[in-house]
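Construct the entire structure; sequences and hints are all you get.
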Amino acid sequence: MENQLEKLRSEAKKLCAQAGVAIVPYGNAWWLVGKGINRVVGELAGLCPSQLIPLPVMER
Numbered sequence: 001m002e003n004q005l006e007k008l009r010s011e012a013k014k015l016c017a018q019a020g021v022a023i024v025p026y027g028n029a030w031w032l033v034g035k036g037i038n039r040v041v042g043e044l045a046g047l048c049p050s051q052l053i054p055l056p057v058m059e060r
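In terms of the numbering used here, the sequence shown has 21 at position 21, counting the first letter as 1, and numbering is strictly consecutive.
Hints were generated in silico from the structure; no laboratory data involved. All C-beta atoms in this analysis are idealised placements derived from N, C-alpha and C, irrespective of residue type, glycine included. Some hints here could point you the wrong way.
[Said to hold, decoys possible] Once the Cα atoms are required to be at most 30 Å apart in a straight line, the calculated DSSO-like pairs of lysine-lysine come out as:
id, residue 1, residue 2
1, K35, K13
2, K7, K35
3, K14, K35
[Unchecked claim] Now the in silico label distances, taken between C-beta atoms and shown as ranges:
id, residue 1, residue 2, range
4, E2, E59, 37 to 47 Å
5, A19, E59, 36 to 46 Å
6, G36, K13, 16 to 26 Å
7, E6, E59, 21 to 31 Å
8, W31, L8, 15 to 25 Å
Set out below in structure tokens:
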């Protein structure tokens with residue numbers, strides 16, 4: 001089970017690198033930061049490409 005979890009985390013890190021998204025430790029979670037991406041996730045394993053699609057930024 002642990003090997004599978006590590007494999008999924010590794011895949012998520014590769015996915016973030018390809019998308020130009022930085023992974024920053026944030027307490028017991030991870031902060032994903034990139035152009036149009038500003039998201040906190042509790043676990044990297046299971047991250048999918050649709051979660052790294054930039055959201056439009058609108059001024060208030």
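Verification of the hints:
no., hint, in the structure
1, K35 to K13, "holds (16 Å)"
2, K7 to K35, "holds (26 Å)"
3, K14 to K35, "holds (17 Å)"
4, E2 to E59: 37 to 47 Å, "holds (45 Å)"
5, A19 to E59: 36 to 46 Å, "violated (24 Å)"
6, G36 to K13: 16 to 26 Å, "holds (19 Å)"
7, E6 to E59: 21 to 31 Å, "violated (41 Å)"
8, W31 to L8: 15 to 25 Å, "holds (19 Å)"
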